[in-house]
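Quick one: dock chain against chain with the hints and give me the complex.
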Amino acid sequence: MRALDFEYMWTLVPVLVGYIPLTLFMALVGMVCALVLASLMAVERVFRVPVLDIFVRLFISFFRGTPLLVQLFLFYYGLPQVLSFLTNINGVTATIMGLTLHFSAYMAESIRAAILGVDRSQWEASQAVGMTQIQMMSQIILPQAARVAAPTLVNYFIDMIKGTSLAFTLGVTELMGATQKEAAGSFLYFEAFLVVAAIYWIMVEALAFAQRRLEIYLNKAHAR
Amino acid sequence: MTSTSGISISGLNKSFGDTSVLKDISLEIAPGERVVVIGPSGTGKSTLLRCLNFLDAPDTGVIRVGDLSVDAKTASRADILGLRRRTAFVFQNYALFANKTARENITQALITVKGQSTSDANARADAILRETGLSEKADAYPAALSGGQQQRVGIGRAMALDADLMLFDEPTSALDPEWVGEVLDLMRRVAEERQTMLIVTHEMQFAREIADRIVFMSDGHIVEQGPPGQLLDNPEDPRTKSFLRRVT
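Listed in order, the protein sequences are those of chains G and W. Anchor point for the first sequence: position 207 equals 207 in this note's numbering, and the numbering is continuous, going up by one each time. Anchor point for the second sequence: position 175 equals 175 in this note's numbering, and the numbering is continuous, going up by one each time.
Here chain W stands alone, though its shape is the one from the complex (with noise of 0.2 Å):
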């Protein structure tokens, strides 16, 4: 939306006491670009989103995010929170604050971290709240609301950011089946804005639908990327292929 700047992430590197769950990844996103991640369970799909913001510390690599470059193994306290700052993060589970109403919990960050007043902040959060057909919620606590009105304030949070890079965690995998057409529409609203997204999900078909570009992760690596007509319907690796036999 309002990014100009690109992404890159290069020798990303990611460890959980002796097993290495991400190895020597290296990826570029164009502004604008929506890539989308795939791959067998555990092999660090979720682990490379949570070590672009730092919920999960990369041990070795360095995160661009425009005009912030941080390198793991020097990254101070003010790097972690500026990459924070430039990307939005869509929970699996959702993650709304629980103390927090439906608006509360979008104009949250937009008080605290980016100093808006909270006439501005309420405005906007409206605006998301419309756009997000959850006006009459706006007063809602999460734990009154379904999984997919609160996976959409999750989405709405993340929109209210500006981020130059909106991140999804498997952002269906925890919904129930009825709730998940709701949200993948949300999100394919979010991708017409030209909105940069990196999202991991096993939604073969939105993928197809909304990715630029797909990224097939196995075992800590990249191992092929490609438009989704490639990397879909004529696969190279035999990894690769495999997986989506069996998904599809």
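Next comes chain G alone, as it looks inside the complex (with noise of 0.2 Å):
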């Protein structure tokens, strides 16, 4: 056994950070991406369209049942082959388009059941002063939803941005692959993944915090 290269870590830490902002950018783009889908989808569950029913269950059940790595190259590496204008289609881009596919089929079937669980008085109150369906929704049932659904999306968001690593597999010098370029130079393979799992982890908890505030926001009404 040898000792850690404390210096080698100390001085990768600037290197590696410089990363952070790449890592959350891909993350908060499929975060806003995948909300959206996801509550259009999860609307559309709920009230059952006829015809575009189908194709959105058979979304969320192609998108949750086969893995984000799978998705990622079938994005990358396939589908430029058989639609010409994705030939150019970055690694960036493929990612924040598989993270977003792939997160918003599991955030429908949550924000669709927050949606069923908020009261049946609610529904009833919007639809009696006479709101449109969208006016409902917007202001009055996805706001409540949200609140139930937020602790479960941000876990996901949690999820998403670890899942910026498997760019890496794309070929995108991102936090995992700076560190594997790091490692590959230094030998110092221990160290390096110790530090950027380090890096991960300090900006989860980061989220973990932002979440709680987020929670004391979403419940000021429930406050007694």
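A portion of the hints provided could be inaccurate.
[As the list claims (entries may be wrong)] Just the calculated beta-carbon pair ranges, DEER-fashion:
hint: 1; chain 1: G; residue 1: Ile134; chain 2: W; residue 2: Ala57; range: 17 to 27 Å
hint: 2; chain 1: W; residue 1: Arg245; chain 2: G; residue 2: Arg57; range: 56 to 66 Å
hint: 3; chain 1: G; residue 1: Leu83; chain 2: W; residue 2: Ala57; range: 44 to 54 Å
hint: 4; chain 1: W; residue 1: Glu131; chain 2: G; residue 2: Ile134; range: 28 to 38 Å
hint: 5; chain 1: G; residue 1: Ser138; chain 2: W; residue 2: Asp71; range: 48 to 58 Å
hint: 6; chain 1: W; residue 1: Glu131; chain 2: G; residue 2: Asn219; range: 23 to 33 Å
hint: 7; chain 1: W; residue 1: Asp71; chain 2: G; residue 2: Ala208; range: 55 to 65 Å
hint: 8; chain 1: G; residue 1: Ile134; chain 2: W; residue 2: Ser8; range: 49 to 59 Å
[Claimed, not checked] Straight-line Cα separation of at most 30 Å, BS3-like style, residue types lysine-lysine; simulated pairs:
hint: 9; chain 1: W; residue 1: Lys114; chain 2: W; residue 2: Lys73
hint: 10; chain 1: G; residue 1: Lys220; chain 2: W; residue 2: Lys137
hint: 11; chain 1: W; residue 1: Lys23; chain 2: G; residue 2: Lys220
hint: 12; chain 1: W; residue 1: Lys114; chain 2: W; residue 2: Lys137
hint: 13; chain 1: W; residue 1: Lys23; chain 2: W; residue 2: Lys241
hint: 14; chain 1: W; residue 1: Lys73; chain 2: W; residue 2: Lys137
[As the list claims (entries may be wrong)] Going by beta-carbon spacing under 8 Å, a handful of chain W positions derived as facing chain G:
hint: 15; residue: Lys23
hint: 16; residue: Asn53
hint: 17; residue: Asn93
hint: 18; residue: Asn99
Hints in this document: simulated from the structure, not taken from any laboratory. Treat the numbers as computed from the prediction; the structure is a model and nothing was measured. Beta carbons are placed, not taken as given, at the ideal position from N, Cα and C, and that holds for glycine.
Written out as structure tokens, the structure is:
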């Protein structure tokens, strides 16, 4: 057994920290797109729009039923072979697409469950004052469902941040890819991956802190 | 209040599965008239109210509110919205928007449905909150209000709509006894403004006080109706007599 090279680890920190923005960028864009897509699919699932419902269920089934890595390879290496306009798709775009579609499938089910959990009186009161379905969903039902779904959705976001590390398999030099390169240069694999693990961990803990603030905010209407 | 047009209901039928809940209900309500519906539990009183704004869609029948006439068989989405925008509904369980403050509960429909500016809507809401004695609760969320306060906001929300018809579905039945009085007081004030009202309630004394007419329903039918003095003191139908003996 050899001693850990702390000095090397210390010099690696600023190098790897420089890649945090790209990781957060992919995760944030993916999360926003996934939230929008998941909300639309969840609302569709609640109202069961004819025909569309079949496609949404198929979509959810596929993207929940296959590994994220397989989906990323499909988008990056597979699809461009059959869809010529995707020939120049870059790794970052493919990763964001993959994260969006994959996690939207999970999130759609969480949001659907949260929507169905909103008390019937809220739907009836919205209808009784003459709101349209869109007004009812956007102003009364979804905001209340958000409070219920928030903890689960933050969990998916955490998963998504970690999922961005798969971009490395598409040749993107992001946090994980950069670590791999550094380690290959120094042969200090243990130190390098220990540092990157710590960086992911700290990012997720920071998010957990934000989550507590978010939940306090979302619960403000329910404080007695 | 702003209403000059009456309401007419004719041939209304509603079934849930095999159970027929409303059987050929017809009722006319004059502008400014206050009609109270009484009757045993499970006889379709609430369903009648809920059919008038399509919270429950009637199977057959024609509902006319003001200038809008809607046939249940051919009712379009626009017809249903039209009925809902001409009526206001006060729920037994208050049904305040849980994610909105007391003031926002009142302004919500004024802004989204009636297209009023936020400042106009807020001014109206504050006037109503003053009238209902809830000014200091304007920024409170429903969860922080007592049952009586919640129902007063619920009535305030309905008042703000300036509806042709206000529907009250057992507005005091879910309340602790200590809050019933303040809610009935507010309803009296609404009644004094000659708002057209259709009220389902078990508060017989209150019905006697404010009703222009009392309708007795049993088993999905309107059995008998008339001014409070006549219906409550000299009922003709044996079912009415038996019901009144049990509740008074």
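We went through each hint and held it up to the structure:
1. Ile134/G with Ala57/W: 17 to 27 Å: holds (20 Å)
2. Arg245/W with Arg57/G: 56 to 66 Å: holds (57 Å)
3. Leu83/G with Ala57/W: 44 to 54 Å: With a Cβ separation near 46 Å, Leu83/G and Ala57/W satisfy 44 to 54 Å, so the hint holds.
4. Glu131/W with Ile134/G: 28 to 38 Å: Holds - the Cβ-Cβ distance for Glu131/W and Ile134/G, about 32 Å, lies within 28 to 38 Å.
5. Ser138/G with Asp71/W: 48 to 58 Å: The hint (48 to 58 Å, Cβ to Cβ) is violated, given that Ser138/G and Asp71/W are roughly 31 Å apart.
6. Glu131/W with Asn219/G: 23 to 33 Å: For Asn219/G against Glu131/W, whose Cβ atoms are near 31 Å apart, the range 23 to 33 Å holds.
7. Asp71/W with Ala208/G: 55 to 65 Å: holds (57 Å)
8. Ile134/G with Ser8/W: 49 to 59 Å: violated (32 Å)
9. Lys114/W with Lys73/W: Distance ~27 Å between Lys114/W and Lys73/W Cα, so the pair holds.
10. Lys220/G with Lys137/W: Holds, because 15 Å separates the two Cα atoms, which is no more than 30 Å.
11. Lys23/W with Lys220/G: violated (46 Å)
12. Lys114/W with Lys137/W: holds (24 Å)
13. Lys23/W with Lys241/W: holds (21 Å)
14. Lys73/W with Lys137/W: Distance of about 44 Å is beyond 30 Å: violated.
15. Lys23: This hint is violated: Lys23/W lies away from chain G, its Cβ roughly 24 Å from the closest one there, beyond 8 Å.
16. Asn53: Holds: closest Cβ of chain G sits about 6 Å from Asn53/W, inside 8 Å.
17. Asn93: With a closest approach of 6 Å, the Asn93/W hint holds.
18. Asn99: holds (5 Å)
Taken one by one, the earlier hints fail for this structure at numbers 5, 8, 11, 14 and 15, listed in ascending order.
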